[in-house]
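Mapping of the sequence shown onto the working numbering: position 35 corresponds to residue 35, and the numbering continues sequentially without gaps.
Possibly wrong hints are sitting among the right ones.
Derived SDA-like pairs: lysine to any residue, alpha-carbon spacing no greater than 25 Å straight-line [what the hints assert, rightly or not]: (1) 108 <-> 70; (2) 130 <-> 46; (3) 108 <-> 63; (4) 108 <-> 67.
Think of the hints as simulated: they come from the structure by calculation, not from any bench.
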Amino acid sequence: MSRPLRFLAPAALALMLACGRSATDPGGIVCTTEARAAINLAIVDSLTGAAAAFTGLWGRAVDGAYRDSSAFAFVNPQTGAVTLGLAYEHAGTLAVTVHANGYRDWQKSVVVTKDVCHVIGVQLTARLAK
């Protein structure tokens, strides 16, 4: 083997190992272990389009017998944006409801799909009206 090929062989082997099939997964796909939300909600006041100091806020996602709900919304301290994640790693047709005191319930039906590893999250904006 000539000198340039001798130095190229280890680099080619490293590339094949990095891009090749996984030794631990028969399908050759390596998935992350994180759980991803199927529904990613931004919650705003319908009149102002801005986040509000919502009280009694909760979200729910239902697909047949499957139900997920959360009253834990994240409020970004810099922007004030209110976000909520639901239905972690659940694909299907989800009926989504968002409730806040003093507002009418917001509802939407959405289809969530998945790939080999995770759900493909759907971004929604719940515009709550009084």
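Would you pick out the hints that fail for this structure and give their numbers low to high? No hint contradicted; all consistent.
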